[in-house]
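J.: Listed here are the chains, written in short residue letters.
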Amino acid sequence: MSWLAWRLFRAQGYLALLLLACFGVLAVVTGPHLADLYSRSGSASCTGDRCSELAQSFLNTAKSGFSGTVLTVGVLAVIGFPILAGVFWGAPLVSRELESGTYPVAWTQSVTRTRWLLPRLGLVLGAAAATAGLASLALTWWASPIDSAQGGRLQPGVYLARGIVPIGYALLAVALGALLGAVVRRTVPAMATTFAGVAAVMLTFSLWLRPHLIPPVHANVPLDLRDIRTFAETNGGHMEIVVNFAQKGALVLSNRTLTPEGKLFVGPADPTQCSRDLPGQRCIDWVGSLGLRQDVTYQPASRFWDLQLIETGILVVLAAAAAGLCVWWVRRRIG
Amino acid sequence: MTSALTTRGLTKRYGRHAALDDCTLDIPAGRVVALVGPNGAGKSTLLGLAAGLLRPTSGEIEVLGDAPASGPDQLARVGFVAQDSPTYANLSVADHLELGRRLNPRWDAKLAQRRVADLGLDAGQKAGRLSGGQRAQLALTLALAKRPDLLLLDEPAASLDPLARREFLQGLMAHVVDHEASVVLSSHLVSDLERVCDHVVVLAGSRVQLAGDLDEVTGTHYRLTGDVRDLDDLPPGAELVHATDNGRHRTVVVHSALPVVADRVQVEQLGLEDLVLAYMARAAAPTPRPLSSPEAAR
Chain A
35 MSWLAWRLFR AQGYLALLLL ACFGVLAVVT GPHLADLYSR SGSASCTGDR CSELAQSFLN
95 TAKSGFSGTV LTVGVLAVIG FPILAGVFWG APLVSRELES GTYPVAWTQS VTRTRWLLPR
155 LGLVLGAAAA TAGLASLALT WWASPIDSAQ GGRLQPGVYL ARGIVPIGYA LLAVALGALL
215 GAVVRRTVPA MATTFAGVAA VMLTFSLWLR PHLIPPVHAN VPLDLRDIRT FAETNGGHME
275 IVVNFAQKGA LVLSNRTLTP EGKLFVGPAD PTQCSRDLPG QRCIDWVGSL GLRQDVTYQP
335 ASRFWDLQLI ETGILVVLAA AAAGLCVWWV RRRIG
Chain B
35 MTSALTTRGL TKRYGRHAAL DDCTLDIPAG RVVALVGPNG AGKSTLLGLA AGLLRPTSGE
95 IEVLGDAPAS GPDQLARVGF VAQDSPTYAN LSVADHLELG RRLNPRWDAK LAQRRVADLG
155 LDAGQKAGRL SGGQRAQLAL TLALAKRPDL LLLDEPAASL DPLARREFLQ GLMAHVVDHE
215 ASVVLSSHLV SDLERVCDHV VVLAGSRVQL AGDLDEVTGT HYRLTGDVRD LDDLPPGAEL
275 VHATDNGRHR TVVVHSALPV VADRVQVEQL GLEDLVLAYM ARAAAPTPRP LSSPEAAR
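Sequence lines, in order, name chains A and B.
Per the numbering used here, residue 35 is the first one in the first sequence, and the count goes up by one each step.
Per the numbering used here, residue 35 is the first one in the second sequence, and the count goes up by one each step.
Because the hints were derived from the structure by calculation, they are not lab data.
Positions of the beta carbon are idealized from the N, C-alpha and C atoms, including for glycine.
As a list, the in silico SDA-like pairs of lysine to any residue whose alpha-carbon atoms are at most 25 Å apart:
id, chain 1, residue 1, chain 2, residue 2
1, B, K160, A, Q46
2, B, K160, A, L49
3, B, K160, A, T136
4, B, K144, A, S36
5, B, K144, A, W37
6, A, K97, A, S336
7, A, K282, A, L247
8, B, K160, B, S193
9, B, K160, A, W37
10, B, K160, A, G135
11, B, K144, A, R41
12, B, K160, A, Y48
13, B, K160, A, R41
14, B, K160, A, R44
15, B, K160, A, F122
16, B, K160, A, L132
17, B, K160, A, R130
18, B, K160, A, A39
19, B, K144, B, V211
20, B, K160, A, F43
21, B, K160, A, P153
Heads up, incomplete: computed chain B residues facing chain A, CB under 8 Å, no partners named:
id, residue
22, A85
23, L87
24, R89
25, A103
26, G105
27, A110
28, A116
29, P120
30, T121
31, Y122
32, L125
33, D129
34, R136
35, N138
36, P139
Pulled out of the complex, with its shape left as it was, chain B reads as follows (with noise of 0.2 Å):
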């Protein structure tokens, strides 16, 4: 198995809207990735997508090598949690277990026993009238104990506060080193994830804007900060991801395979959430200033 999620040209429509354009992806298996994006990047019709929930509207995936919810054991070795992690408001929370063990045939009953009493869930408890944060809980207890390769999850941390979420990507955390499984959660708060994953893609404006594992993207980027008249040109090698100007002075985040080497400009590199947010800014401007271009520093 080499790739978890492989997408060529992905497109989906709605009328004349793209939720998602032309996405050209590949996320190695045995990741923990990081899906992030501002709201209505495409996030949700991305998972939506590699789930078999939505079908295409041209362009490829692939999920563990096969198309999406391609047949029953395509569909055993991909576990969902759809945002805001819905459940059945009627069953019980037992009711789902036993739903999760009639219906997967890699179910581990021990696992979900064990998560909803660890979790302190009352089983004859209806799904209904249990708290957002619990509902997430048991809306991945019945994704984990199906032991998936691929666990798709949208937005998980969402209902759960500060404290909650952290123990809850934790624990998830523990449980995907455990089962070796592949991992993709999307979020847009990347404080979220920084912690967890060792892949990111970013997700702006229906595009994909960077994909990479981690060492390598926060190891190739920098912000340099310093008079205009000295960031008028970039360094060689360095490619502009987004400028800003205040006055006179002026900050540039650049991708540059090279270590940045330049006079009278303070270089550093970026964490994770400020590079994201130069990519989401960069998606989110009219068109790129008409700064020294990539091809015009080289």
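Looking at chain A on its own, in the form it has when it is part of the complex (with noise of 0.2 Å):
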């Protein structure tokens, strides 16, 4: 059975090799440009007040020209690859056999319908895995400057395409395709259902999950005014001040500016500092001098690996969820 499998597999499995051999290749010929632009503009090495103006110039050389291309590329492909192995491996595997009636083949051999998916289904979650797990080792290399630059890796963008998570992804949507492919019996379906399945995934883990996959740091700090995010009065004097967290890196998930007892910082403005004739130094020395404090709740850059094992343990739990799903389905339900 594994020989049929691997005949029915084999061209998308050369093509995806060829495709991350390019990804490979791509890595290695530019990484080590990156690697040297990084280390000769001084940002690695630093200590002191100059360090992220050194680091944002780093990333605004890295982040522009050819190496900027490749980072966007290389995002899209691993952010991309579990999506498309669902769409175009995943939701096929059995949907393709319904539609073009060649199940009455394979399921009239002295093969049970369970010996005839196990392999199909093992191999293509093998090779979706092996193939995100691989693009992402070279992007995660590649982009090792920019992500120390950054101070963290936290961001959704950057995420989703570093570490384990990628391999989480590509079981989760192989397995769901096959499901929904199973489920659905046409292929057009499936894999439409299968897309938008994977990418709802990765945007309720994103927006509402991963923030709260391990209870976030809570940090109350005196209000730091040198760098400051939103600096805003209205006419009635109302005001909203919002300073960056100073933990660079960090996945912030709230952000307020407290007063001194506690409560929400509104204003009033003092009309005799902040007014349009006056400096607006003058408005923000004024509000330094209050006692304001800034209450952060946040994921600190420290926990990518924690968060990226635990996200990816639950996203391996439901492949295993949707495969067994998936068997019993082709098993029980078609016929």
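Two chains, each in its own frame: build the complex with the hints.
T.: The following block contains the structure:
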């Protein structure tokens, strides 16, 4: 049976290998240049005030031109591959046999449906996991100077394209695609629902679940007005002030400016200090004298691997459930 | 081994539509069975159930003494070719034989090679590029080389021209005789099967209309032709199958275990084709005509 599984998957497997090889070559050819750029920028060995400036100038160079293009392509490929694997490898696995009418051939050889499905599903799951893992490894290595300069890898567009979560998403996408293909029995609708399903899981994790996989850290520190994000005053004297969180690379869940009493600071602005006619710095200095505090909940950048492990674990469990349901469905519900 | 295929109250529904309704059959082993009936009669459903591709809504089915597709051993003993002879379009003829070899413990590689050579199939040709007839032959080769005890063929000759059809069926029969397999083959063309089968099952309107050995079936049915008045009452022991009136003339097909004798009426035996048509016509009629019922005739 594994022979038929391989024979039917062969062309797609070779294509994936070819694309992976191109990806690897691109990384190996352009990677050293990026690493060299990083070490020459002085950002790595930097201590003191100029660090963020150095890092920013390195990032500006790295994210423009050819290396910027490589980064964009790499991120899209590593995030997109699991979805593509689900759509083009998982969804047609059962549905194409049902739709093209070849299942009577497959299911009337001297092999039960389960023994027919398991090698096919196993092969595609393995190929998807290996491809996602190697692609992510290549990008994680290639982009390590950029990630270091940024101080963290928890932003969704970075997080999803590094480490081991791409493997989890690839497994889930293929298993979900196979299940939907068996249930829907039509290839194109199965592909569409797989696409929507995997994208929905990625969004759900990024927007709602990931920040809470580990209880976030709470910090209450004196407001540091050197790095302002929002400084607004409306005509009624109402104020809104947010400063950036000092910890680089942290995933910030909430960031509020509180009064010394612990209430949300909303003004009112002192008209003798903050006015259109006066220099802005005067108003900022006045705010700085109020003893305001910054109240933040966040996931520190150091939790990258913990979060990756937990999320991947959940995805693997979901994938196993979908694969098990797919096998059950093919055995019991088709026919 | 006594029965190739037995069913009891076998029913398959798709929503409210019954594709096969309360079908009870017992087909002895060693027969070549013609499964005939109009399109949509339930022939493919019955064969799909027997091959284990479909599951009954209710009722029971046993194939060679076991539930269909109940395990690798049972699967190995049943060969199946679905309607339109599906094959993997992207796999070559040689790939299909390799598939058969790897997936079937009883695979007869010599037989497969010989058949492919005899048919003049190019081993490297992709199945998707074969003609309909060649594809049918490839699918049949896959089923035959499996060396099954029971061969289920759904409209196997449909894609062949008349000459190829006859050769196909002759080749099939030669193989069956050599290997002592049972065969069930469906067709809506009775003439195809009359030459080769020795048992017949007529399906129409999702129900079994008639089932029995060919000799027995053709020996117990008669066509009576005569004046309407002379055919108002059926001969004793005769059971009405179907009647048609044409003006003052009436044609009646009856089933009777005893030879039928009647005055002023022409009595003749029927060929399988006419017999099947009579049963199909009966199934298609909304209700039986208020002619003498078998009960009243007794």
